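Chains as they are written, first to last, in UniProt numbering: chain U, 1 to 393; chain F, 1 to 513.
None of these hints come from the bench; they were simulated from the model. A few of these clues could be false.
Claimed, not checked - Just the calculated beta-carbon pair ranges, DEER-fashion:
# : chain 1 : residue 1 : chain 2 : residue 2 : range
1 : F       : 400       : U       : 227       : 23 to 29 angstroms
2 : U       : 100       : F       : 456       : 41 to 47 angstroms
3 : U       : 137       : F       : 485       : 41 to 47 angstroms
4 : U       : 335       : F       : 315       : 49 to 55 angstroms
5 : U       : 40        : F       : 500       : 36 to 42 angstroms
6 : U       : 82        : F       : 463       : 30 to 36 angstroms
7 : U       : 227       : F       : 485       : 27 to 33 angstroms
8 : U       : 48        : F       : 456       : 30 to 36 angstroms
9 : U       : 100       : F       : 470       : 32 to 38 angstroms
Predicted model only: the values in this text are computed from it and were never measured. Virtual Cβ for every residue (Gly too), placed ideally from N, Cα, C.
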Amino acid sequence: MAAAAEMQNTDSKQPPLPSDVEVTPVRSSADRTAFIRLTYSIYEGDPNFVPHLEMERRDFMDPKKHPFFEFGEVEFFLARRAGKTVGRIAAVSNPRYNEFQGTNVGFFGLFECVNDAGVARALFEKAAEWLRAKGFTSVIGPMSYSTNGEVGLLIEGFNTPPAIMTTYNPSWYAALIEANGFTKAKDLYAWELSSSTPPPEKVARIAEKIRQREGVTVRPVNLKDFDAEVARVKTMYNSAWEKNWGFVPMTEGEFDHLARDLKQMVRPELALVAEVKGEPVGFALTIPDANEAIKAANGRLTTFGLPIGLAKLLLATRRIRRLRLVLLGTVEGYRRRGLDAILYLDTLNKARELGYEGGEISWTLEDNHLVNRAIESMGGKQSKRYRVYEKPL
Amino acid sequence: MSDVFEKCRSWKDYRIAKATGLYPYYRAIEESYGATEVQIEGRRIIMVGSNNYLGLSADPRVKEAAIKAVERYGTTCSGSRLLNGTLALHEELEQRLAKFLNREAAVVISTGFQTNLALSSILGRHDIVFADRQNHASLVDGIRLSFATERKFRHNDLEHLEQLLQQAAEKEPKAGKIIITDGVFSMEGDVCNLPRIVELAQKYGARVMTDDAHAMGVLGEKGRGTSEYFGLEKETDLVMGTFSKSFASLGGVLAGPSDVINYIRHKSRSVIFSASMTPASIASALKALEIIEAEPQRRARLLDIAEKMHNGFRAMGFDTGVSVTPVVPVHIGDQVKCFRFWKALHEAGVFANPVIPPAVEAGHALIRTSYMATHTDEQLDRVLDIFEQIGKKMDVIPQTRPSTYTPVQIARPGTMVRNNKASEKWAAASEGHNSHNGFTLDQLSRMSSREVAGRLFDAVETLTWRAANLQPEDIRKLGQMPMKLWEKRANIPGILLEKGANFFIRNGHEDRS
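So here's chain U without its partners, still in its complex pose:
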């Protein structure tokens, strides 16, 4: 192992390791603050950047708060040059992923870096060192912290802001990562769908036919019975995604955490459950793109102790005009039978009724042709491309 590492270090293709950059693990609360606030300097002047709420990030990094830490482990690293933070990375050990996929990989995530391949290399080497010590044989990423979280590096579609719970990054990151020996593992697509025009008539006709034939009823989710609905959706989610690349079933904790987050944003009219004879067989979850509102807060709910950000956020929430279709799945036995078409159609009609302009469908796997074709047939245009990288350790 040591010899292999040695060879990598002398690899002439890699950028030189800068001598003035120090990479240290995050230990103190001041380190954590620097880790979170690094984004402000990196994205300065970028109109499409949506800063996370700082507190949300704090909870995300807090082993006591985020359910990932019930089984996984994360080490956060900061790169500093002359006292100034210039980069960050998280090294992630996700035993559930390896168990479910039968692999031995570690992840990297939360990567941010100034445009300097040397700094990036220093970060990747530190993360690799940590992952190697855990016994992993390769690294994939960006992944924070699992495929159920934020996945992939944006490589196409920098001209629009990211939708809620998707990632965004400067265009130069791909070059930084590739210069450090990473290669493509998988691409993910995001689709843009306008709801200003009615759905294609042909699709509508087919969908109605299937609805009649299979006896499908579609109903909005019942928020009053939230816990039972969450349980139903959870079973469907874990079985619907089972065969997908990189999928890992969510733990109770992760699902509850996600459900709690979504509950604040969700509009019941846009969270649809398809049933056949009272049995849930599919669901589609579309949420207002809260990023439009979060952007208004600019990272903080309060300024000088006054709830300025919170007020802006609440005001902007009422003006959200875009949606993101987050999840759409059907249970085994109902695939390739047009159930998804019904869900797309009903979501689109509902969105039109509620006056939304359109939105994003994301993400889909590049090789999930069935889903991608269905979205295209609804009039969806591919708008963004995310890439997951890999590299042997």
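Starting from the known structure of chain U, fit chain F onto it as the hints suggest.
Quick look at chain F alone, frame taken from chain U:
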């Protein structure tokens, strides 16, 4: 001009401890009931804070020997060993100990502490001493009194020791070298890695000495201590022991090659300028030695008790750390909480010792318990019960017992275990990695108003975020807060006390630096 006494007058810690009623030291014992129970302030309580490992101090045979010696030789020797203070009894004990410990010679010295000070006579100007960082204070002082150079290695970190040996071999190849370590470490109860130490000593040409104060009479088939336990008696050059623990007396012994011991007898100031061991002390140590040799079942019982107590504590969720011996430390964490815990134990009828920084790292305060072979099972069960009640009350352990725990490995003869795997909490605390919460007034006064405002605004941000994220169940919990507070009302003064005392201690320390 500053006054020498000024530091005594301005010393705050004692006053804080006294004012809060948490001062735990210099407790006067009024009666002893067979050593396992004592009377303090008119109350009879169970003693688990003594190093009387084999319980011999209350043994009628030992007492009788002491009485007879007083009758025959009087109460004191009134002088130093070198001149008028040597009795035939002293020489008999030295010979018997040398034989017991398989050494050429032994010297007995008035106290254990002085025994380690006596080492300074053999540590010369050009010698280098390699010492474990957690060695007993008497070793630290013994080395400091000498003219030798001291190199401390991190506790039981033999890679570090090897680094130091290597450096010394390169830079000062002619220097004499000796590695000095406790056999059993007195606070955390783990055993030194003697096999590796001996290996390194041979590789780098160094001598080895073990301080077996807590090991003699406890470790090894015959109770000869660490080197017997590891089967490395020939490889260990010098052995030190005390009589105040298993030997039911007062004094210490150094055993090793006869020329070394002879030199110490004539050159050590702590030997030649100190009155010798009293006749009673000598006679009781002699009788205790006899019993140690004749009654190995006492040692077996002691180790059984150690195992019972370790596992008893662990089953409740307490952390007993790395210990493999009858020294059973219980991790508490905060030092003021440790005092409160100690006080609650005391009131409930258990005598144990609070150990706080600098004896341990900050944030690693612990309650040290140690046991006697003569403790009864009823006494031990009572101790466990009381610990559980108080632990729950003070939130040191969970309200319901954890479903599993890792049972302890005890240093029984032949097992060669050196320590238990420390929990992460223990390891982090014992290396001093503790998040220090809060800041001192001094730090606050040094912050710019911008920084202070920043912190304040961050606090507001956090509160706003928490409020914005309140879930129905959180609100329910908030609604129950008054009830919970009412239930815990008995604990509130204690918690306030802890916070307040910590605040003063923090700010008190700042003054000195």
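Here is what the structure says about each hint:
Distance hint for residue 400/F and residue 227/U: a CB-CB separation of about 25 angstroms, consistent with the stated range 23 to 29 angstroms. With their beta carbons about 46 angstroms apart, residue 100/U and residue 456/F fall inside the hinted range of 41 to 47 angstroms. The beta-carbon spacing between residue 137/U and residue 485/F, approximately 53 angstroms, falls outside the hinted interval of 41 to 47 angstroms. A beta carbon spacing of about 51 angstroms between residue 335/U and residue 315/F agrees with the range 49 to 55 angstroms that was offered as a hint.
The beta-carbon spacing between residue 40/U and residue 500/F, approximately 39 angstroms, falls within the hinted interval of 36 to 42 angstroms. In this structure the supplied range 30 to 36 angstroms holds for residue 82/U paired with residue 463/F, their Cβ-Cβ distance being about 35 angstroms. Look at residue 227/U against residue 485/F: about 29 angstroms separates their beta carbons, and that is inside 27 to 33 angstroms. Taking the beta carbon of each, residue 48/U and residue 456/F are about 33 angstroms apart, inside 30 to 36 angstroms as hinted.
At about 34 angstroms, the beta-carbon gap between residue 100/U and residue 470/F stays in the expected band of 32 to 38 angstroms.
Violated hint: 3 only; the structure is consistent with all others.
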